[in-house]
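Note that the protein sequences, when read in sequence, are chains A and B.
Numbering of the first sequence is given in my numbering, commencing with residue 1 and proceeding in unit increments.
Numbering of the second sequence is given in my numbering, commencing with residue 1001 and proceeding in unit increments.
One or more of the hints may lead you astray.
With a Cα cut of at most 20 Å, we get these calculated EDC-like pairs of lysine to aspartate or glutamate [what the hints assert, rightly or not]:
no., chain 1, residue 1, chain 2, residue 2
1, B, K1038, A, D428
2, B, K1090, A, E290
3, A, K396, B, D1074
4, A, K393, B, E1032
5, A, K396, B, D1062
6, A, K393, A, D428
7, A, K271, A, E290
Per the computed footprint, the stretches of chain B lying under chain A, defined by three or more beta-carbons under 8 Å from a beta-carbon of chain A, are [to be verified]:
no., stretch
8, 1023-1029
9, 1037-1047
Think of the hints as simulated: they come from the structure by calculation, not from any bench.
Please read all numbers here as calculations on a predicted model, not as lab measurements.
Every residue, glycine too, gets a C-beta built ideally from N, C-alpha and C.
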Amino acid sequence: MYRKPSPAPSTTSFSDNDDDDLNKSTYFAISDALVVSPAQWSSKIHQLSAADTQDLPHSPISRLPPEILIHLLKHLHSPRDMYNCLLVSRTWCECSIELLWHKPSFSKLSTLVKMMRVLSRGDQTFTYARFIRRLNFLFLGSDLTDSLFSRLSQCDRLERLTLVNCAMVTDDALSRVLPCCPNLVAIDLTGVSDTSDKAIVGLASAARRLQGINLGGCKKVTDIGVFALAANCPLLRRVKLSGVELVTDGPVSALARSCPLLLEIDLNNCKYITDISVRDIWKYSTHMREMRLSHCVELTNAAFPAPYKSDTTPPSNTPPNPFPSLTQSSSDQLPPLVLSRTFEHLRMLDLTACALITDDAVDGIISHAPKIRNLVLSKCVLLTDTTVENICKLGKHIHYLHLGHAALITDRSVRTLARCCTRLRYIDFASE
Amino acid sequence: MSDSVLDVVFLLLISSSETLDCTLLTDMSVFELSSLPKLRRIGLVRVNNLTDEAIYALANRDATLERIHLSYCDQITVMAIHFLLQKLNKLTHLSLTGIPAFRKTELQQFCRAPPPVCLKFKLHSL
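Given these sequences and hints, build the entire structure.
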């Protein structure tokens, strides 16, 4: 299944961008952006003098320019093959060494320890730490200790770091290491529960080119950390704050305003989020693709675009209010969110348990976002058949639909849905 | 279709006597949904107006369904599910928790223990 390229493709990452096409061929990857040049030998002893090279036989392949050789070597995926290439000749070594080191992988702790030992040796043939661009510690999890993690401060060209489930890494270690990585483009701290504002502020101040951050379950992070991200990282595209329960509207609005490329925002279980910041996302984040607002229970219709219909006048039998400014609560003061733009890129919207939402909100959402593919409205108990009929307007675009616990829905609208939305793959009407 | 491929989950639970707001959906909805050509998963937990007619409708369609959730749909019988299983050869998961007809001990041998809570992490989501 060919997916359209991202509306805001990465232009600043030096390492391979595997965010998009999962089915993209790895053989002749046109957008392979890993820029590698022949590596510099780290000590004079290792460099050959000019005289030594003169008598060497010149085979045809030795006349290949280094860039072409590097391009060829990039098609090798097995580290063992790359290792064999670097033993062929000095030129081949210069061209392949960085390819071998840019994405070291280890499923066992012992392999990581060996790598760390190499990085701390004084007599390295190359400064290997500077080749490393991507590190994924998912498989080590709690085996990753602070003392091992701290050795990464030498990896100043690190671009992508995954620390999912590395629960033993402390905030102090993060605060020491992350500021040393100014080239970070993506970081995943899901499950690193000790993460606090100190580490995030440190990260934000150094990694100005950050595009993606996942802080799932990092409960200690507060508004301070997220404000720092908004202030320092204007290239942010994916911000995942699921379970960062203390976050409030302020920094989310700041993200919407300061990060125009924002594509994905995850605020699941951020119970303090109100209409104010969600409105700002609709107003400023024109490229938005995925909005997750599950269990943001404060949200009302005012958080979402107003439907395209004429304003209804208030019923004439309500007496005029002599003190309007005193009696209206802050959410009543929010006017309908009138937007003139459509959100052509919005594909995913999760409003699980946003129980105050009514049919009008869904009407407004769908009229402004006609290509939603995945819509979750579970536990939005006020929704009626009108919502299902509005969902029909999504036609062939809607593939995944959750309408669980919406007890007011009847057969009538489901029948229409089944006839209009023929590409549905996944439908849930669970009730409880 | 081999039983080893199918994950049948039903638990020996005493069904809760307090039924909260039941859904208004009936077999008619399932008839209509059965016409969806690409449907892979359908969740109908506690849609307790459903009868065997709905099951037959789900069975008599192109065999694309992979996961069906029917827990607490009290009126479903063994015969209807048997028919469903014969027809839908791509089915990998079937939830039948709390359905009275399936609480017979001789059927329990086919079920598996409920899965442990697992956390899903999206890799490469940055």
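These are the hints, each one checked on the structure:
no.: 1; hint: K1038(B) x D428(A); in the structure: holds, 14 Å
no.: 2; hint: K1090(B) x E290(A); in the structure: violated, 30 Å
no.: 3; hint: K396(A) x D1074(B); in the structure: violated, 33 Å
no.: 4; hint: K393(A) x E1032(B); in the structure: holds, 17 Å
no.: 5; hint: K396(A) x D1062(B); in the structure: holds, 19 Å
no.: 6; hint: K393(A) x D428(A); in the structure: holds, 19 Å
no.: 7; hint: K271(A) x E290(A); in the structure: holds, 19 Å
no.: 8; hint: 1023-1029; in the structure: holds (count 6)
no.: 9; hint: 1037-1047; in the structure: holds (count 11)
When the structure is compared with the earlier hints, violations turn up for hints 2 and 3 and for no others.
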